[in-house]
Amino acid sequence: MSDPQLTASGSAGDPPPDAEAITTKERGQLEMVWLRFRRHKLAVISLFTLLLLVAFAFLGPYLWQWDHRIHGDIPSHARPSWDHPLGTTRSGQDLVGQLMRGAQQSLRIAITVSLVATAIGSLWGAVAGYLGGWVDTIMMRIADLALIVPLFVAVAAIGGSPRVGATWYNIALIIAAFSWAPISRVVRGVVLSLREQEFIEAAKAMGASTRRIVLRHLLPNAAGPIIVAATLLVAVAILVEATLSFLAFGIRPPDISLGLMVENARTAAFTRPWLFYPPGVLIILICLTINFIGDGLRDALDPRQTMVRR
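For the sequence shown, my numbering begins at 1 and goes up steadily by one.
These are calculated hints, taken from the structure and not from any lab test. A few of these clues could be false.
[Unchecked claim] Quick list of the computed label-pair ranges, beta carbon to beta carbon:
(1) 267 - 64: 22 to 30 Å
(2) 42 - 147: 30 to 38 Å
(3) 239 - 42: 16 to 24 Å
(4) 284 - 55: 13 to 21 Å
(5) 193 - 284: 29 to 37 Å
(6) 202 - 54: 36 to 44 Å
(7) 209 - 91: 54 to 62 Å
(8) 212 - 148: 29 to 37 Å
(9) 239 - 142: 19 to 27 Å
(10) 270 - 220: 49 to 57 Å
(11) 81 - 147: 44 to 52 Å
We put the beta carbon where it would ideally sit given N, CA and C, even for glycine.
Whole structure, please, built from the sequences with the hints as guidance.
Shown next as C-alpha cells:
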C-alpha cells in the first residue's frame, strides 16, 4: 500500500516543492558584479550614455570634416546650419569640432585626476589607518598640509605663465597632486574600523605581511567609499578645470576644453546660445553619468553582498 503522505507530496526521493526557489547557481566574480550592477537601472543607462560621449569625443573627429582649429573657409559667427549644426565661433571654428576636442581634453583631465588621486589617497589612508600610532599622525599631518594649500594658487605657481597655458596632463597632474588628501581621510576612517575585524586578526595570525593585508583585505573591503570618492572627483576635476580656464590658468588656445568653451562664450548666453549651452550640457552629462556609474559600482563591488536575487 502506498503511503498517503508520499502520495500527496511525491516520492520520498523528490525534493520539496520550494527547493528550486532556494537553490543557487554558482557564478564567477565578474558575473556577480555585472548582475548586481545591472540592477541599478540609472547606472546602466549612464554607462551607455558615457560610452556614447566617449565615442563622440574620441571617434567623432575621424568622421567629422572639421576639427577645433581655425579654417579660412569657415564663416565666422555663422548660425546653425546643415554644414555646421551648432554654428561657428567668431574666429571661424566649427562648434561640433570644438565640442569633440573639448570633451576629449576634459575627459582626459578628469579621468587622470581621478585615477592618480584615488590611487595615492587610498594607499596613503589605508597604510595610515592600519599602522596607527605616530605613523598615522605624521601621514595625516601631511594630508592636512595638502588640504590647506589653495589649489588655484598651486596651479598658478606650478603651471607656468597664463599667456602660455599648460598641456592637459600638466593640469591633470597638478590637480591630482592636491586632490588625494580628502580620499585618504575617507579611506583611513574606514580602515580604522576594519582593522579590528576578525578576518584581519586571522590574516595577522597566519603571518600575512602589511602589504598583503592592505592590498588584499583592507582596500577591497573599502571599495564602496573609494569608488564613490573617485567618481565625485571626476566631476570636481572637470569643474576645477573649467574654473582654471576661466581664470586663464587652464588649457589655452589653440587647444580647447569644455571649460574654455564656456569661458569664451560667457557673453553670448542670450545672443548666441548655441555657443554657450552645448559645452555646459556636456559638462553636466559627464558629471551625472559618472556619478550614477559610481553608485552602481559601489553596490556591485561591495564584498558584503554575496547573493544576487533574480
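Now the hints, each set against the structure:
With their beta carbons about 27 Å apart, residue 267 and residue 64 fall inside the hinted range of 22 to 30 Å. A beta carbon spacing of about 32 Å between residue 42 and residue 147 agrees with the range 30 to 38 Å that was offered as a hint. Range check, residue 239 to residue 42: about 21 Å between beta-carbon atoms, so the 16 to 24 Å window is met. Between residue 284 and residue 55 the C-beta distance comes to about 19 Å, which sits within the given range of 13 to 21 Å.
The beta-carbon spacing between residue 193 and residue 284, approximately 35 Å, falls within the hinted interval of 29 to 37 Å. Range check, residue 202 to residue 54: Cβ separation about 42 Å, and the 36 to 44 Å hint holds. Between residue 209 and residue 91, the C-beta spacing of about 59 Å keeps the proposed range 54 to 62 Å intact. In this structure, residue 212 and residue 148 meet the distance hint of 29 to 37 Å, their C-beta atoms being roughly 34 Å apart.
Here the CB-CB span from residue 239 to residue 142 is close to 26 Å, well matched to the stated 19 to 27 Å. In this structure the supplied range 49 to 57 Å holds for residue 270 paired with residue 220, their Cβ-Cβ distance being about 51 Å. At about 49 Å, the beta-carbon gap between residue 81 and residue 147 stays in the expected band of 44 to 52 Å.
Checked against the numbered hints above, the structure violates none of them.
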